[in-house]
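Peer 1: The residues making up each chain are set out below.
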Amino acid sequence: MNLAFNIAAVIAIVCTVMVVTRYNIMHALLYLVTSFMAVAVIFFTYGAPFIAALELIVYAGAIMVLMVFVIMMLNLGGGSAAQEKQWLSLRVWVFPAILSLILLGELIWLIYSEQYIGSEQIKVVDTKEVAVALYGPYVVAVELSAMLLMAGIVGAYHLGRQRKKIVHRFLERSNP
Amino acid sequence: MTLWLIPALPYLGALILILAGSKLSKQMAGIIGCGSMGLSALWTGVTGIAFLSGGREPVRLQLWEWFDVAGWNPGVTLYFDSLSLVFTFVITFVGFLIHVYSTGYMARDEGFNRFFAYLNLFVGSMLMLVLADNLLLLYLGWEGVGLCSYLLIGFWYQDPANGAAARKAFIVTRIGDTAFAIGLFMLFQTLGTLNIGAILAEAGSALSGDGAASWPGGPAGATAIALLLVGGAVGKSAQIPLQTWLPDAMAGPTPVSALIHAATMVTAGVYLIARMHGIFELSPVSMQVVSLIGTITLLVAGCSALCQSDLKRVLAYSTISQIGYMFLALGLGAWSAAIFHFFTHAFFKALLFLGAGAIIESLHHEQNIFRMGGLRKELPVVFITFLIGSASLAALPLVTAGFFSKDQILWMAFAGEHGSLGLWIAASVGAFLTALYTFRMVFVTFWGETKTPVTHRPGKAMTIPLIILALFSLLAGFIEVPHNLGHITLFSSFLASVLPSPELITDSLLMEWMSQAAAALLTLGGIGLAYEYYVRNPQSLAGMKRNTGALQRFFHSGFGFDRLYDSLLIQPYTWLARVNRRDITDSLYTGLARFSIWLHRQSAQTQTGILRHYLLGAAIGALIILTISIFI
Amino acid sequence: MILVWLILILLLGGLLSWLASRWNVLLARWIALGAVAVNFVLTAGIWFGNPVPVGWVAELDLEWIPRFGIHFHLALDGLSLLMLLLTFFLGMLGVLCSWKEISYRPGFFHFNLLWVLAGITGVFLTMDLFLFYFFWEVMLIPMYFLIGIWGHANRIYAAFKFFIFTQASGLFMLLAILSLYYVQAQQTGVYSFDYFDFLETPLPFKTAQWLMFGFLIAFIVKLPAFPFHNWLPDAHGEAPTAGSLVLAGLLLKTGAYGLLRFVVPLFPEPAMAFAPWGMLMGVIGILYGGKLAFAQNDLKRLIAYTSVSHMGFVMLGVFAFTELAYQGVVMQMITHGISTGALFLLAGMLYERTHTRDITRMGGLWKSSPALGAAMMVFVMASLGLPGLGNFIAEFLTLNGSWPANRLLTALAAVGLVIATVYSLRIMQKVFFGPMPQTWPAADLKPREYLIMIPLIAAIIWLGLFPQKTIETSGHAVTEISLKKGGSR
Amino acid sequence: MNLPAMETGLLLAGILFILGLLSVLIRRNTLFMLMSVEIMLNAAGLAFIVAGARWGQPDGQVMFLFILAMAAAEVSVGLALILQIHHQLNTIDSDAANRMKG
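Sequence order for the protein chains is X, H, P and L.
For the first sequence, the residue numbers in my numbering are 1 to 176.
For the second sequence, the residue numbers in my numbering are 1 to 632.
For the third sequence, the residue numbers in my numbering are 1 to 489.
For the fourth sequence, the residue numbers in my numbering are 1 to 102.
Chain X with its partners taken away, still in its complex shape (with noise of 0.2 angstroms):
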């Protein structure tokens, strides 16, 4: 099992540093998408078939396919490459480096500090749990999520809706 799971961990890695240096955007969406499916098999190593599925179908599936649409319909595709070569400079990529640098410094640093963490086994937590857990005493948080979905979408055709552009002469110029 350590196998697929290190296999599965590398993978992640790589496509995540593709996601982050690609300069075409549908280049670097493919990559995530391998990423999420790669992070889909690690939770199945970690005995959580249900999230590693619902991981497949929510995040791979659907999120990744909303940003292809929203992509296509802007046409960003490759003419917007050349422009994120030009803002990606090596200037900019330096302090967030370092800061990343830093911060990833740090996550190690008390992961490997902590000792208690003793090395047992892991165990497998079964969906069925997961279900009893979900409307036992996270009963109430369901509906906010419920809740939270719901005012996504009302936001989303809120916002998303074409309204007529006011061209005002002086007060707003849209700048090319």
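Source of the hints: derived by calculation from the structure; they are not laboratory data.
If you're wondering where the values come from, they're calculated on a predicted model, not measured in any experiment.
Fair warning: there could be bad hints in the mix.
[To be verified] Chain H stretches covered by chain L per the calculated footprint, using a threshold of three residues with CB under 8 angstroms from any CB of chain L:
| hint | segment |
| --- | --- |
| 1 | 596 to 609 |
| 2 | 614 to 626 |
[What the hints assert, rightly or not] As a list, the in silico SDA-like pairs of lysine to any residue whose alpha-carbon atoms are at most 20 angstroms apart:
| hint | chain 1 | residue 1 | chain 2 | residue 2 |
| --- | --- | --- | --- | --- |
| 3 | P | Lys291 | H | Leu599 |
| 4 | L | Lys101 | H | Leu599 |
| 5 | H | Lys23 | P | Ala374 |
| 6 | P | Lys367 | H | Ser25 |
Even glycine gets a Cβ: it sits at the ideal position worked out from N, Cα and C.
With chain X held as given, fit chains H, P and L onto it using these hints.
Peer 2: Just chains H, P and L now, with coordinates in the frame of chain X:
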């Protein structure tokens, strides 16, 4: 005993004139003004006679208790003894004559009522000063007199120069008053009371004990208090450090100069020192300081008077010089001699000022003596009275009152216990200078050809006071004759009850004859020299003037004191005021406001509007919190 | 009960005159005058009732917020009686002098004026620190409106500066009051804001010192002592005549009253420790204020700086801890209130005649209005401390009292008298003597102005020649304060 | 069957999270930013699952479900906003929308 009437009448007159002044006619105002003075003089006479016949018992009358705080309750109480009798007599009698003279002199001035209101107020305050039983009430009179001299010097208020002179007088005297006030605080702290009687009793008992040591404040305390009192006296009596205001005070009308700057106010300092003689006797140092101030002043003022061209300024410097003589006498411990000189000086100096007023008015306000001349024939009465006054000032031997009083001071300077040869020489030189500048003035104004025509003869109201004063200038001396010439000691014995008599080291008749002969010779020499230069051959004078031009200017400016004070005090203060008009500490607070605005503007820069900067900020914040939570 | 009435009459009077101004402006003015006059008569009645008050003449103690131990506790002793008399006397003059001057919304003006007076009355009467702070604020806000609305050119700046200065320092005092409240609760378990309870609680020196500084800063800013005096010239320069009259005549006194009533009795030892500094600030105030007064050309700013200088004497006297000095301080509060109030009234009258406050553009006014000149002469002489007028008694007592405490500083303060002469005579010379730059109409004092001036002149002369009446009134209260810490005679 | 140790799982989540953060910071294109936020959310979910698995509690997975719901709603609203920005400023560069400044 209705002693309170003496000061109350002038105050009442002043009150009436102030309240109903604008409605009264000039004539009416004149009657009220002179009337109140006349009644007060009369009442002084009555009280004086009652006092003399009643065995010279000092009268004390408390009008009301001023205030009572923490056990200290100074009352508004009047005290009348022989010293205050002399002063009240002079103030009210000479004051009355000057009031009568003013009705004539100020007849055509539209501020007539206001003038008499101020004059009455002045006499009231002066009487309060002289009759005060405690030093606080004396201080009230002291400042009241300062106020009235300010009002009267600046009487013709249209001309800003008069205003400046009035303010100068008030401020310079105020400096002296501050020293006087600090002296009062020290006195109050050591004795717990400001009552003059109590203080003198305390000083007397200390003197009889073992001198200044048994004075509560110790010798240093006594000397400090004495010197502070001298500070106050020097301010008011225009002695050396604070004498610059008197020559400028001539900007006021002439009767004012006569009353205030000759007879009464300027001698307030002499009265204070004489009254508080107990403290001065405790500290010989302060006595020497007083005599030193006196001698320096009489010499400086003498020389300055020599080179003045304005008639009234000559008289002003001569007043400073004569008061210098009084201070010298006080310094020597010859208290009654000083008061006697004050007594005679009041008469002949008032006479000279009134005469000068008559001359100036008749020459249509011409004050420069070199543009006068030949007035012997034009104004005979004024000439004769002026001549008598000058003779008395110059101390013409045996005939004039001035001679007797000045000679007594010279004799005390020579033979007195604190006297010394140096003081006597200085005093004699002063006498010579006095004779010189007095008769220079007389010869220049009355001899020679008339340069400006006489337009107006002084009326009867002006000439009668002149004549009376002239008589007094001659006869007033005979009440105190030195014992080698008849030994009448009416005046000093009269004051003996209040002022102790000085001890003499040598009292041989021969020495006395010698000093009198020397004084007489000096005076006659001075007159002769003046005659030589100003009447017989003025050319020799022109020669001498050329090569001593600088000295002339130096004397003319009164030894440069004005310039000294101007550059030392006035310029820096006005410069500081001009520079710091907007109050430096204000910039402290406006600076605070500006700093907060700057701070706001700097922090506004961080709102760039670019999303990435905000994200970066959030990330950095998260990082910092993480590191803090881990490592600290 | 009469004490509550004193405050209520003013509050209601203010409201009434605001309402009345809808129909008839004159009616509004009469109501305002009537309200203050009634108060004046009441207080005068109390004064004649007991000319030499010993201890508390009248007292009223109602529960206000029992849970926190806050009482509606008003009490009147000799000192507050004098202060109230001064308040209502100047209050009447304030209403009288703005008869012609205020035409823009007079109703609201009188409302503010009377509410300021009510606040001041409250401050002088209250014996509960919470209530004291309450009235301290009530006094502040209407004053801000008075300066802000009816002031002259840059009145907004002046009103803001006045408000921030006083409010900021007031907050320090609030902190001190609250911490005193808790320290007392901790020490003695008594939860109360009452002044008398605070008097009994023994405080450790360190905390007492901090609490004293809290109170001190509020009163020093209000008093204006030296470094905190900058709001005064602006506030005075811009306020309307009645505003600056109330400001100079009464608000400065609340600072001095606070020092006498709260700082010295509540924190005797720290006050003793602070004494040399306090006296130094006082003397600097005298000399620096005097120099600045000499430098000003705007008449109102000049008079404002003179009151900074005179209040320096109060600082000197309060920290001298001798009964003489305290009596001098009380006299200075009253006589300064009258003389500076009168000077401001005269400045207002001069403004009505010459329409300028710049004294360099005035001159020779004695010819056109001699009576005004005579009145100005009286009060100029009062401000330079001429004996025979009230200020001399005050200054002499203060200096005499503070001489044993600190000789050098008292000598320097005495030099302040010379500086006072210099700036006072400059006023007379620049305004009334000298040539007349332009001809003003011959407009001497009108009957109304005589009605204002005569009581003031009579009061200042009466205080100068017969001060014993007022000294007796505040005598007991002052000895009480000075004996609290064994102050010397 | 022994599952991978928890530390490695957490380490993996950490790395993914850091990469997402890095990508958010460097990108100017709002779409890229949105994707990177998705990475970070996913990484967080992974950490939850690993922890839940370690203690055998369903809470981890429940929490992941909520993250999922939240991510979905967030993406939909985010994309709507991006459309609106594109419509108004016809660019999706985040620096263009800088009128809310200083």
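Peer 1: Does each hint hold? Answer for all of them.
Peer 2: Evaluation of the provided hints:
Counting residues of the segment 596 to 609 of chain H whose beta carbon lies closer than 8 angstroms to any beta carbon of chain L gives 5, which reaches the threshold of three, so the coverage claim holds. Evaluation of the coverage hint for the segment 614 to 626 of chain H: fulfilled, as 3 residues show C-beta separations to chain L shorter than 8 angstroms, against a requirement of three. Pair hint Lys291(P) plus Leu599(H) does not hold up; C-alpha atoms about 35 angstroms apart against a cutoff of 20 angstroms. About 17 angstroms separates the Cα atoms of Lys101(L) and Leu599(H), which keeps this hinted pair within 20 angstroms; it holds.
Pair hint Lys23(H) plus Ala374(P) holds up; C-alpha atoms about 16 angstroms apart against a cutoff of 20 angstroms. Under the criterion of a C-alpha separation no larger than 20 angstroms, the hint pairing Lys367(P) with Ser25(H) is consistent with the structure, at around 18 angstroms.
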